[in-house]
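*Asks:* Letter by letter, the chains look like this.
2 protein chains.
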Amino acid sequence: MAKTAAIIVIGNEILSGKTRDENSVFLAHELRNLGVDVRKISVIPDDLQSIATEVRDSSSTHDYVFTTGGVGPTHDDLTMHGIARAFGSRVRRNPELETALRGYYPPELVEPNLLMADVPEDAKLISRPGMWFPVVVEKNVYIFPGVPEILQRKFTNIREIFRDDPYHLVEVFLRADEGQIARILHHVLDQFPDLQLGSYPYFTKPEYSIKLTLESKDTTYLNSAHTLLLDELLRADLHPVQPVA
Amino acid sequence: MAKTAAIIVIGNEILSGKTRDENSVFLAHELRNLGVDVRKISVIPDDLQSIATEVRDSSSTHDYVFTTGGVGPTHDDLTMHGIARAFGSRVRRNPELETALRGYYPPELVEPNLLMADVPEDAKLISRPGMWFPVVVEKNVYIFPGVPEILQRKFTNIREIFRDDPYHLVEVFLRADEGQIARILHHVLDQFPDLQLGSYPYFTKPEYSIKLTLESKDTTYLNSAHTLLLDELLRADLHPVQPVA
Numbered sequence: 000m001a002k003t004a005a006i007i008v009i010g011n012e013i014l015s016g017k018t019r020d021e022n023s024v025f026l027a028h029e030l031r032n033l034g035v036d037v038r039k040i041s042v043i044p045d046d047l048q049s050i051a052t053e054v055r056d057s058s059s060t061h062d063y064v065f066t067t068g069g070v071g072p073t074h075d076d077l078t079m080h081g082i083a084r085a086f087g088s089r090v091r092r093n094p095e096l097e098t099a100l101r102g103y104y105p106p107e108l109v110e111p112n113l114l115m116a117d118v119p120e121d122a123k124l125i126s127r128p129g130m131w132f133p134v135v136v137e138k139n140v141y142i143f144p145g146v147p148e149i150l151q152r153k154f155t156n157i158r159e160i161f162r163d164d165p166y167h168l169v170e171v172f173l174r175a176d177e178g179q180i181a182r183i184l185h186h187v188l189d190q191f192p193d194l195q196l197g198s199y200p201y202f203t204k205p206e207y208s209i210k211l212t213l214e215s216k217d218t219t220y221l222n223s224a225h226t227l228l229l230d231e232l233l234r235a236d237l238h239p240v241q242p243v244a
Numbered sequence: 000m001a002k003t004a005a006i007i008v009i010g011n012e013i014l015s016g017k018t019r020d021e022n023s024v025f026l027a028h029e030l031r032n033l034g035v036d037v038r039k040i041s042v043i044p045d046d047l048q049s050i051a052t053e054v055r056d057s058s059s060t061h062d063y064v065f066t067t068g069g070v071g072p073t074h075d076d077l078t079m080h081g082i083a084r085a086f087g088s089r090v091r092r093n094p095e096l097e098t099a100l101r102g103y104y105p106p107e108l109v110e111p112n113l114l115m116a117d118v119p120e121d122a123k124l125i126s127r128p129g130m131w132f133p134v135v136v137e138k139n140v141y142i143f144p145g146v147p148e149i150l151q152r153k154f155t156n157i158r159e160i161f162r163d164d165p166y167h168l169v170e171v172f173l174r175a176d177e178g179q180i181a182r183i184l185h186h187v188l189d190q191f192p193d194l195q196l197g198s199y200p201y202f203t204k205p206e207y208s209i210k211l212t213l214e215s216k217d218t219t220y221l222n223s224a225h226t227l228l229l230d231e232l233l234r235a236d237l238h239p240v241q242p243v244a
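Protein chains in written order, with numbering that gives the first Met the number 0: chain A, 0 to 244; chain B, 0 to 244.
For the record, the hints were derived by calculation from the structure and aren't laboratory data. Treat the hints with care, as some may be off.
Said to hold, decoys possible - Far from chain A, by Cβ distances over 10 Å, these chain B residues were calculated:
{"hint": "1", "residue": "Ala51"}
{"hint": "2", "residue": "Pro133"}
{"hint": "3", "residue": "Lys138"}
{"hint": "4", "residue": "Lys153"}
{"hint": "5", "residue": "Ile160"}
{"hint": "6", "residue": "Asp164"}
{"hint": "7", "residue": "Thr218"}
Unchecked claim - Each computed BS3-like pair below joins lysine-lysine, with the alpha-carbon atoms no more than 30 Å apart:
{"hint": "8", "chain 1": "B", "residue 1": "Lys17", "chain 2": "A", "residue 2": "Lys216"}
{"hint": "9", "chain 1": "B", "residue 1": "Lys153", "chain 2": "B", "residue 2": "Lys216"}
{"hint": "10", "chain 1": "B", "residue 1": "Lys138", "chain 2": "A", "residue 2": "Lys17"}
{"hint": "11", "chain 1": "B", "residue 1": "Lys17", "chain 2": "A", "residue 2": "Lys17"}
{"hint": "12", "chain 1": "A", "residue 1": "Lys123", "chain 2": "A", "residue 2": "Lys2"}
{"hint": "13", "chain 1": "A", "residue 1": "Lys216", "chain 2": "A", "residue 2": "Lys138"}
{"hint": "14", "chain 1": "A", "residue 1": "Lys17", "chain 2": "B", "residue 2": "Lys2"}
{"hint": "15", "chain 1": "B", "residue 1": "Lys17", "chain 2": "A", "residue 2": "Lys153"}
{"hint": "16", "chain 1": "B", "residue 1": "Lys153", "chain 2": "A", "residue 2": "Lys204"}
{"hint": "17", "chain 1": "B", "residue 1": "Lys17", "chain 2": "A", "residue 2": "Lys204"}
{"hint": "18", "chain 1": "A", "residue 1": "Lys17", "chain 2": "A", "residue 2": "Lys153"}
{"hint": "19", "chain 1": "B", "residue 1": "Lys204", "chain 2": "A", "residue 2": "Lys153"}
{"hint": "20", "chain 1": "B", "residue 1": "Lys138", "chain 2": "B", "residue 2": "Lys2"}
{"hint": "21", "chain 1": "A", "residue 1": "Lys123", "chain 2": "A", "residue 2": "Lys153"}
{"hint": "22", "chain 1": "B", "residue 1": "Lys138", "chain 2": "B", "residue 2": "Lys123"}
{"hint": "23", "chain 1": "A", "residue 1": "Lys210", "chain 2": "B", "residue 2": "Lys17"}
{"hint": "24", "chain 1": "B", "residue 1": "Lys153", "chain 2": "B", "residue 2": "Lys123"}
{"hint": "25", "chain 1": "A", "residue 1": "Lys138", "chain 2": "A", "residue 2": "Lys2"}
{"hint": "26", "chain 1": "B", "residue 1": "Lys123", "chain 2": "B", "residue 2": "Lys2"}
{"hint": "27", "chain 1": "A", "residue 1": "Lys2", "chain 2": "A", "residue 2": "Lys216"}
{"hint": "28", "chain 1": "A", "residue 1": "Lys17", "chain 2": "B", "residue 2": "Lys153"}
{"hint": "29", "chain 1": "A", "residue 1": "Lys210", "chain 2": "B", "residue 2": "Lys153"}
{"hint": "30", "chain 1": "B", "residue 1": "Lys138", "chain 2": "B", "residue 2": "Lys216"}
{"hint": "31", "chain 1": "B", "residue 1": "Lys204", "chain 2": "A", "residue 2": "Lys17"}
{"hint": "32", "chain 1": "B", "residue 1": "Lys210", "chain 2": "A", "residue 2": "Lys153"}
{"hint": "33", "chain 1": "A", "residue 1": "Lys2", "chain 2": "A", "residue 2": "Lys210"}
{"hint": "34", "chain 1": "A", "residue 1": "Lys2", "chain 2": "A", "residue 2": "Lys153"}
{"hint": "35", "chain 1": "A", "residue 1": "Lys138", "chain 2": "A", "residue 2": "Lys153"}
{"hint": "36", "chain 1": "A", "residue 1": "Lys2", "chain 2": "B", "residue 2": "Lys17"}
{"hint": "37", "chain 1": "B", "residue 1": "Lys216", "chain 2": "B", "residue 2": "Lys2"}
{"hint": "38", "chain 1": "B", "residue 1": "Lys210", "chain 2": "A", "residue 2": "Lys17"}
{"hint": "39", "chain 1": "A", "residue 1": "Lys138", "chain 2": "B", "residue 2": "Lys17"}
{"hint": "40", "chain 1": "B", "residue 1": "Lys2", "chain 2": "B", "residue 2": "Lys153"}
Cβ coordinates follow ideal geometry from the N, Cα and C atoms, glycine included.
One chain only, chain A, in its complex shape (with noise of 0.2 Å):
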């Protein structure tokens, strides 16, 4: 079985349509290529509450949780309070991390640019070289900030962690409606159960009207698959096309 995995955004910039959230696509194209099962992505308010409920109910049902946003000084930086009322636990100024702010800043530092030193009292921290400030980790619940240069740069740091058997992919193209291939498909389906089978209608390109994804991690299953829907497709006269790059 594959490792799951849930992303929460937190952000009002996202709901409100000022900010496109890069962070999620970003995380689920990475995850996949881990062979991680990306099962659900959440964007939520900068809200106390929200936080903790969503962390919560994702943490308990998925085997990886990832946040990104809400980690900085400011009054809508509440990720890391939202994160320890998730589980009970109580933020407490960690001392690593006070040390790595203080590194960063100048001497004459304020006091607020030490809240980001304040995490859940029983997180872990992740460090590689170049990294000047850890990956904070709370249980299974990965903890990034919601600037994508930064987030994509740590998670690099650390995604051999969640590294686990790659999926393997096929695609075939048609031109084509999809009630014509309802039943194909529901027939492949019937004899390759966990197949990952997609269909996608496209209406703008020329050279195909339907897309289909076929995905496994076991090679010989996935090309046992798509010997027989390509199978069904001649007998129906279906002829798959290549598109051009």
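Assemble chain B onto chain A, guided by the hints.
*Replies:* Only chain B this time, still in chain A's reference frame:
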């Protein structure tokens, strides 16, 4: 009080990082411009029980729910059945939708072409000039397809249903560190607790390093909060800058 909305994006292709979700971005932006407060965006898999649970929870806690995806004729199109299950309703073939489909497809259509006429039995239909297929609505759940061009056309056709008093927005740009302004923001919120106030750090812009967003439906309230904020910033010797457009 603003009306609230949840957006539910249904589709394995988003969770597996193969397709970028354009629909929640479009809907969040549109709804905000209409004066509607989007409180949650969820991306969930093509799975009957996941759809039913998410729709039921979102419907009971928001004024409007918008779903995208999963409305075609293939095995992974489970939205109508998921929504019916959410409300203990049954899926039935709708005669008006069947007529629309028979008008769209050539006479030699196959039975699965008609599957898009199968909707929750108490669903309502919203038709507008220029739409060959109506928008299906079950309770407070507005059901849209996943293809962005079609979703956008349909939503634009019916958006006036949702129009409410607009939000007003003021932005303030600063060259500063968030730690420096944390107390000022707290103080403004103490005086204006209903202000929607966001603080966003930027690490790659030459002109500014913080964007503050102030929002309210009440312009007098917004302007008073804005004036107080500017006063407090100037007193701390922090001078707003004008970003290059």
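*Asks:* Please confirm whether Pro133 (chain B) is truly not at the interface, meaning its C-beta sits more than 10 Å away from all C-beta atoms of chain A.
*Replies:* Pro133 (chain B) clear of chain A: closest Cβ-Cβ about 18 Å, beyond 10 Å.
*Asks:* Tell me if the straight-line CA distance from Lys17 (chain B) to Lys204 (chain A) falls inside 30 Å.
*Replies:* holds (17 Å)
*Asks:* Is the Cα-Cα distance between Lys204 (chain B) and Lys17 (chain A) 30 Å or less?
*Replies:* holds (17 Å)
*Asks:* Straight-line Cα separation of Lys153 (chain B) and Lys216 (chain B) no greater than 30 Å?
*Replies:* With a Cα-Cα distance of about 27 Å, the restraint between Lys153 (chain B) and Lys216 (chain B) holds, given a limit of 30 Å.
*Asks:* Given the hinted pair Lys17 (chain B) and Lys216 (chain A), is their alpha-carbon gap at most 30 Å?
*Replies:* holds (16 Å)
*Asks:* Given the hinted pair Lys2 (chain A) and Lys216 (chain A), is their Cα-Cα distance within 30 Å?
*Replies:* The given pair, whose Cα atoms are some 12 Å apart, holds under the 30 Å limit.
*Asks:* When you check the alpha-carbon spacing of Lys210 (chain B) and Lys153 (chain A), does it fall within 30 Å?
*Replies:* Distance ~23 Å between Lys210 (chain B) and Lys153 (chain A) Cα, so the pair holds.
*Asks:* Lys153 (chain B) and Lys123 (chain B): Cα distance at most 30 Å?
*Replies:* Distance of about 15 Å is within 30 Å: holds.
*Asks:* Assess, step by step, whether the Cα of Lys2 (chain A) is no farther than 30 Å from the Cα of Lys210 (chain A), and give holds or violated.
*Replies:* Roughly 26 Å between the alpha carbons, so the hint for Lys2 (chain A) and Lys210 (chain A) holds.
*Asks:* Are Lys2 (chain A) and Lys17 (chain B) close enough, with their CA atoms no more than 30 Å apart?
*Replies:* Measuring from Cα to Cα gives roughly 18 Å; hence the hint holds.
*Asks:* Check the hint pairing Lys2 (chain A) with Lys153 (chain A) against an upper bound of 30 Å on the C-alpha distance.
*Replies:* Status holds; Cα separation ~21 Å.
*Asks:* For Lys138 (chain B) and Lys123 (chain B), compute the direct alpha-carbon distance and say whether it is at most 30 Å.
*Replies:* holds (8 Å)
Violation of the numbered hints given earlier is absent; every hint is satisfied by the structure.
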